[in-house]
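Chemist: Position chain U against the provided structure of chain E, taking the given hints into account.
Respectively, the protein sequence lines represent chains E and U.
Counting along the first sequence from 1, when you hit position 245 you're at 263 in the numbering used here, and nothing is skipped either side.
Counting along the second sequence from 1, when you hit position 136 you're at 158 in the numbering used here, and nothing is skipped either side.
Dumping the calculated EDC-like pairs for lysine to aspartate or glutamate here, alpha-carbon to alpha-carbon at most 20 Å:
1. E/K114 - U/E238
2. U/K329 - E/E112
3. E/K130 - U/E238
4. U/K329 - E/E92
5. E/K113 - U/E238
6. E/K87 - U/E238
Just so you know, the hints here were simulated from the structure itself, not pulled from any lab data.
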Amino acid sequence: MARSRKRKQAEEQPPSRRKGGAPIIELRDVTKVYPGGHMALDRVSLAIGRGEFVFLVGPTGCGKSTLIKMLIRELSATEGSVKIAGRDIGALSEKKIPQLRRNIGTVFQDFKLLPDRTVYDNVAYALQVIGASRAEIREQVPQTLRLVGLSTKLNSYPDQLSGGEQQRVSVARAFVNHPPLLLADEPSGNLDPVTSIGVMQLLYRINKTGTTVVVVTHDREMVDSMQRRVVELYEGRVVRDEVSGGYTEESTTEFGLRMQAEMGVGPEGQTHTNGHGHEGLV
Amino acid sequence: MGRIVFFIQEAFRALRRNGAPSLAAIVTTVVTVILLGVLIPVFQTAQGKSEQIDSSLEVRVPVYDDATGPEIAALHKELEAVPNVSSVRFINKAEALAELEKSLGKEKSEELLVQVNSNPLPRNFALKADEASELEGIKEAIAPVGANGKPQPISPIIQRDKPFFEPQAGAKKIAEVTSALKIVLTVITVLLVIASLMLVGNTIRLSIYTRRREVEVMRLVGATRWFIRWPFMIEGVVVGFVGGVLAILILWIGKITIVDPLDDTFSFLAAQSNTTLSFPALIAILFSAAVLVSAIGSGVTLRRFLKV
Numbered sequence: 019m020a021r022s023r024k025r026k027q028a029e030e031q032p033p034s035r036r037k038g039g040a041p042i043i044e045l046r047d048v049t050k051v052y053p054g055g056h057m058a059l060d061r062v063s064l065a066i067g068r069g070e071f072v073f074l075v076g077p078t079g080c081g082k083s084t085l086i087k088m089l090i091r092e093l094s095a096t097e098g099s100v101k102i103a104g105r106d107i108g109a110l111s112e113k114k115i116p117q118l119r120r121n122i123g124t125v126f127q128d129f130k131l132l133p134d135r136t137v138y139d140n141v142a143y144a145l146q147v148i149g150a151s152r153a154e155i156r157e158q159v160p161q162t163l164r165l166v167g168l169s170t171k172l173n174s175y176p177d178q179l180s181g182g183e184q185q186r187v188s189v190a191r192a193f194v195n196h197p198p199l200l201l202a203d204e205p206s207g208n209l210d211p212v213t214s215i216g217v218m219q220l221l222y223r224i225n226k227t228g229t230t231v232v233v234v235t236h237d238r239e240m241v242d243s244m245q246r247r248v249v250e251l252y253e254g255r256v257v258r259d260e261v262s263g264g265y266t267e268e269s270t271t272e273f274g275l276r277m278q279a280e281m282g283v284g285p286e287g288q289t290h291t292n293g294h295g296h297e298g299l300v
Numbered sequence: 023m024g025r026i027v028f029f030i031q032e033a034f035r036a037l038r039r040n041g042a043p044s045l046a047a048i049v050t051t052v053v054t055v056i057l058l059g060v061l062i063p064v065f066q067t068a069q070g071k072s073e074q075i076d077s078s079l080e081v082r083v084p085v086y087d088d089a090t091g092p093e094i095a096a097l098h099k100e101l102e103a104v105p106n107v108s109s110v111r112f113i114n115k116a117e118a119l120a121e122l123e124k125s126l127g128k129e130k131s132e133e134l135l136v137q138v139n140s141n142p143l144p145r146n147f148a149l150k151a152d153e154a155s156e157l158e159g160i161k162e163a164i165a166p167v168g169a170n171g172k173p174q175p176i177s178p179i180i181q182r183d184k185p186f187f188e189p190q191a192g193a194k195k196i197a198e199v200t201s202a203l204k205i206v207l208t209v210i211t212v213l214l215v216i217a218s219l220m221l222v223g224n225t226i227r228l229s230i231y232t233r234r235r236e237v238e239v240m241r242l243v244g245a246t247r248w249f250i251r252w253p254f255m256i257e258g259v260v261v262g263f264v265g266g267v268l269a270i271l272i273l274w275i276g277k278i279t280i281v282d283p284l285d286d287t288f289s290f291l292a293a294q295s296n297t298t299l300s301f302p303a304l305i306a307i308l309f310s311a312a313v314l315v316s317a318i319g320s321g322v323t324l325r326r327f328l329k330v
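Okay, chain E solo, but in the shape it has when bound (with noise of 0.2 Å):
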């Protein structure tokens, strides 16, 4: 893991679609439809660079949760590929399912986090199961819930900490055995704006140290303010996918510019309510 990981930093830095190389994610012509006939992917290609930081938009529905399941093999592809580093993901057989989950962390709305364990066994379950040694759990540990900003409540239960501390508590999880790829399934969801922006420069953080992230979320000035490459799925398809862009298409089009350019606001990151955020991630 941590040897793949310094491999891609040196080789794919500075992270970008356009700079080469096999992309982490690459979705080709992706269809699903649900037992049912409820149709949530429709053709849908994607290609998602190494280190890349990007943004998953759409509305309630849109099949960003289902492609997200996808990228982990919870769900199949009715019809085609789907690729992480390369490999055909929809191939890999039932036992080879555990390994690529090892190569992505995973963040919910939702923490899943085990209530009766402490902040610290929480992050250590993740490498237990997987059957790290006991000196690795020892090291990665506290080194990621230092790197996560909670070194100082390790013995915590989940119930006593905050949404905003509960959700670090998830990252690091996810985060813990360095995965080249974290998917957020709107990990901010569920958190209140300023505890949002803490979240998110966590797992910029994340991204810069080579880690591709891909985030789902609702949070419109989130999105806004971080000006990063955003696709927008909307009833199934790819609608937008822009380098650089905001949550919907107006806030990132000449007119969109020109407005918040107008009011103040805009993709530099001089935006009065967000600045100190983007500030702090760059």
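Modeler: Frame of chain E; chain U shown alone:
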């Protein structure tokens, strides 16, 4: 090594958290194992007893067809004089035929007799003993085994080549009763085994439910299928293990406090220890059955309900 510790820790954590259903499964296992522990010896004793009774209810002494009335009367007296004989009854050819018809059914016996054209059944004496166990001694007195290894009947009219036979009617009834008893006991045992299987399964199912979040997290971070399953498997086996140990303890206490003292007084029970399994063997069987049943119970449940 670390993994095994982890599995066992997880299993016990789950047992603690699932106290009530775990306890129910353990108690059922205890009851099943105790019943099995009582039924197996009883079963075997019944079998041994019925075999004993089969051969010792009554003994028949057939006489040659050419024996005369006075010879028969003389033998009758002689037989009555044999020690421990409680009754002697003479059965003529017609009665012997009636007996055959009774045991085989009229049609079948007629069919049989048509082929031989006459009644081939020998007249015979039916001897009953004071006690079933004395029949062997009586046989010995009537036809002691001679120097040539063949029986030497006390009277020339007794059929020399086959001086005794045993009617099946009585033994048959006992056999029927015993086999009915066996069926009932087997059914009870099977039902109990199924009950504990299902209760162990239910415990595991509940455990899967209460730990669905753990399972979800394990799947997400890439735990292998068996890594997720082992703690549940161990949990089920622990239920069987604890249930088995408790039941065997109770059986053992029962044996030394109730069965062993009776052993001296009742030959019935003493006889049993020869024909049945030794206590250690019984324990070994019960214990492995408890563990096996719980392993199967959890295995089947995992297969059905733990989608990983």
